[in-house]
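Spelled out, the chains give:
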Amino acid sequence: MIDEVGHFALVLALCVAALQAVVPLIGAARGDAALTAWARPAALAQFIFVATAFFALMHAYAVSDFSLVNVAANSNSVKPLLYKLTGVWSNHEGSMLLWVFILALFGAAVAVFGRNLPPSLRARVLAVQAMIGVGFLLFILFTSNPFLRLYPAAAEGAGLNPILQDRGLAFHPPMLYLGYVGFSIAFCFAIAALIEGRVDPAWARWVRPWTLAAWCALTMGIAAGSWWSYYTLGWGGWWYWDPVENASFMPWLIGTALLHSAIVVEKREALKTWTILLAILTFSLSLIGTFLVRSGVLTSVHAFASDPRRGVFILLLLSVYTGGALLLFAWRAPQLQSGGLFAPISREGGLLLNNLLLTTAAATVLLGTLYPLFLDVVAHQRVSVGPPFYTMTFVPIMVPLVVAMAVGPMLPWKRGDLAAALGRLKLAFAVAAGAALVTLAAMGVRSLGAACGLALAGWMLAATASELAERVRLFAEPLPAVLRRALRLPRAAWGMTLAHAGMAVVVAGITGSTAWSEQNIVDARPGQSFEIAGYSVAFDRVNELKGPDYTETRADMRLSRGGRELADLHPYKRFYPGEDGSATGVAIRTNLLADVYVVIGDPDGKGGYALRLYYNPLVPWIWLGAAIMALGGLVSLTDRRHRVGAPARRARAVAAARIQAAE
Amino acid sequence: MIGFATPRRGWIFLLPVGLFAALVAGFYGGLGLDTMVLPSPLIDKPAPHFTLPPLYEGRQGFSTADLSGHVSLVNTFASWCAPCRAEHPVLNALAGTKRVPIYGIDYKDKPPAAQAWIAELGDPYTKIGADDGRIGIEWGVYGVPETFIVDRQGRIRYKHVGPLTEADVNATILPLVARLDK
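The listed protein sequences derive, respectively, from chains A and B.
In terms of the working numbering, the first sequence opens at residue 1 and continues consecutively.
In terms of the working numbering, the second sequence opens at residue 1 and continues consecutively.
In short, the hints are calculated from the structure, not lab data.
It cannot be assumed that every hint is accurate.
Stated by the list, open to error - Below, simulated DSBU-like cross-link-like pairs (lysine-lysine); rule was C-alpha separation at most 35 Å, straight line:
(1) A:K606 / B:K182
(2) B:K110 / B:K182
(3) B:K127 / B:K110
(4) A:K606 / B:K45
(5) B:K159 / B:K127
(6) A:K426 / A:K414
(7) B:K127 / A:K546
(8) B:K98 / A:K606
(9) A:K606 / A:K426
(10) B:K45 / B:K127
(11) B:K159 / B:K45
(12) B:K159 / B:K182
What the hints assert, rightly or not - Calculated from the model, a selection of chain A residues having no Cβ within reach of chain B, i.e. all distances over 12 Å:
(13) A51
(14) A154
(15) R310
(16) I314
(17) L315
(18) L318
(19) A333
(20) P372
(21) V395
(22) P412
(23) G423
(24) F475
(25) A481
(26) Q519
(27) R558
(28) R612
Using N, Cα and C, we set each Cβ at its ideal position, and we do this for glycine too.
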């Protein structure tokens, strides 16, 4: 019964979305306030219906209702409740429902929090959002319906892939989708602006919080995914340049560019058309990612079971939304009024450089991801693009980006003085040189690359600290005054400081883990002891345990260094007979500077086990840095100019005056 | 000053949509392709003609001539490839049975990295050739690891995509080698 309610609610959501896509547009075009006002209640109703469907499916998973094909194929009755619930989005149909659920959630959020938006803009934004909703609801109902019944019902479900039975998976996909789908709001704002033919600082100020929220979620989602692959796949790596990882990384790169170019629109009314284009591209790359993952055109460990009909459908949606948006862009963008001029060396110039580098980086990743596919289509050749390609192309783009990230915030708007800016970076030069020299002295000349990487991280961190110190006039004024300044500093400024510092931490983490990782792969018997990077791992015994739906081979090990015991390690391997699959449990001991990472492999049948021991220095910094970046985004999100209606109302008055002037 | 105020040409605004149309066309072409099955057009054809320099200086390289007269296994690998690492113990075990010589193609790799990798994991290979990518393309290599079985006449008879497991070796590789050896 509840399943039918969910199914029916999904159909109702489609009907509401169809109306929401049309009526408010007509209202806004005619200036009919009654029709325009339609957008808000419709968005809320659409959300309630989609939420009903989503929770109905979740209920079916919770009670193991195997009369649904989707539940029978992706769950079983003996799993812990948490993994029954996360099973909802571990498959194609359920994850598409999560996708539209988040889409409707953002729509409802615009309806509720967008009170300070001009009614016509809000109506158009919500109408465009509903168009996206209509497409994906149709997609779910016609090709990927999670509410299809199975008759007769199955007695037991087929279960969930064991490597997906992990707490990280409760978090990673929803965060990722909050990011992907959150960028739809920026997309809708861009389309609405193109329809209205107006982009002004107020528009940029409205778009920014939505973009920021999506960006924070995507940052956390990508970091969580990387962390998950680190501790579950058991190869000691944290990024594989897998097509699906790339699919999440490209919107992040362009979304980061969008965050920065929106600042230029807000402060200086420049780069308007470019910002609109970025808003369109960010969400389009999310759609391309959805297409790549679900159509089966690329081979990937993440790919969902593919169905060509679905591929054609998503490609159609992609063509309509992105193609339509870009056509509208080609038609309307040339008419947008452009604003302020600026010198190449200026804050705007720095942000433009940031944009160019980030877009180039995204284009590189896109090329690497799609090249094998296109070569296959054009020349029927099959090639693979491995990590060497990305190391060769991506790193040379990111290095100047990080160098410039330090200088940009030091430049004033409109026209800057590079020499003066560099002069204020004396501390950063000193820290960078110090980091490089200390690295070389400690690790030897062979660590030259690592010395450069750490110098870069030190440069970035010191420059960010200098910029903050200047803002609060540290050492220039007495401490109480400095503290007062620090408290009065806009949250957006704190956000930038945190996000840039987080990036420096990520750079250090990537450098350390790439340069100094060690591994030791041995055929081990209980009782033996092994060395890795000065640590000693004593392999005491192996226990066979039994869990609710698996059997576990669990090792007891002791980690010590210089004779001092540090920790007990218990790497394990689980076999799930129900799913006929296995999962690896990595034992990680971290001191936040480095991880010791131990994996137990298959027995060799003669009493030995393949043991893999890794020493991964600075690896935790990668996720720590990403978390700091996301925190920076959240802090910036609480900036008062996003909350207080006053500047928005003032801006609206200005915008209205401008329309009158234009007319 | 960088100025965006001057009237701009309209055609540049058509560029994004043009590029996107090309992308969609490529995607559409890609939809018909089945990437899960990687048919090798080379099955039952003679192995491509090639000569690869040795991975280790001073040892012999690997070339087409090595593949005639006996059944052989050709395995592509790279030190940057995680699945290859998973596969390696299986190859070591297979080499231990001495049922079939294994030839290695080190694909798009740095020789010192590959040498360190072999030193660490063991060397199941009779000969290893270092390939900058060109010979791999002639073999139709899509991603590493891939494994080919070549018969006594030097024809490719079987291709396995992805890491070999013990089950693959017992169920497919060894029976086929035994059949071709008769």
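Evaluation of the provided hints:
no.: 1; hint: A:K606 / B:K182; result: holds, 32 Å
no.: 2; hint: B:K110 / B:K182; result: violated, 39 Å
no.: 3; hint: B:K127 / B:K110; result: holds, 17 Å
no.: 4; hint: A:K606 / B:K45; result: violated, 41 Å
no.: 5; hint: B:K159 / B:K127; result: holds, 19 Å
no.: 6; hint: A:K426 / A:K414; result: holds, 24 Å
no.: 7; hint: B:K127 / A:K546; result: violated, 45 Å
no.: 8; hint: B:K98 / A:K606; result: holds, 20 Å
no.: 9; hint: A:K606 / A:K426; result: violated, 62 Å
no.: 10; hint: B:K45 / B:K127; result: holds, 22 Å
no.: 11; hint: B:K159 / B:K45; result: holds, 12 Å
no.: 12; hint: B:K159 / B:K182; result: holds, 20 Å
no.: 13; hint: A51; result: holds, 32 Å
no.: 14; hint: A154; result: holds, 26 Å
no.: 15; hint: R310; result: violated, 10 Å
no.: 16; hint: I314; result: violated, 9 Å
no.: 17; hint: L315; result: violated, 6 Å
no.: 18; hint: L318; result: violated, 7 Å
no.: 19; hint: A333; result: violated, 5 Å
no.: 20; hint: P372; result: violated, 8 Å
no.: 21; hint: V395; result: holds, 15 Å
no.: 22; hint: P412; result: holds, 15 Å
no.: 23; hint: G423; result: holds, 24 Å
no.: 24; hint: F475; result: holds, 36 Å
no.: 25; hint: A481; result: holds, 38 Å
no.: 26; hint: Q519; result: violated, 8 Å
no.: 27; hint: R558; result: holds, 24 Å
no.: 28; hint: R612; result: violated, 9 Å
Hints 2, 4, 7, 9, 15, 16, 17, 18, 19, 20, 26, 28 from the earlier list are contradicted by this structure; the remaining hints agree with it.
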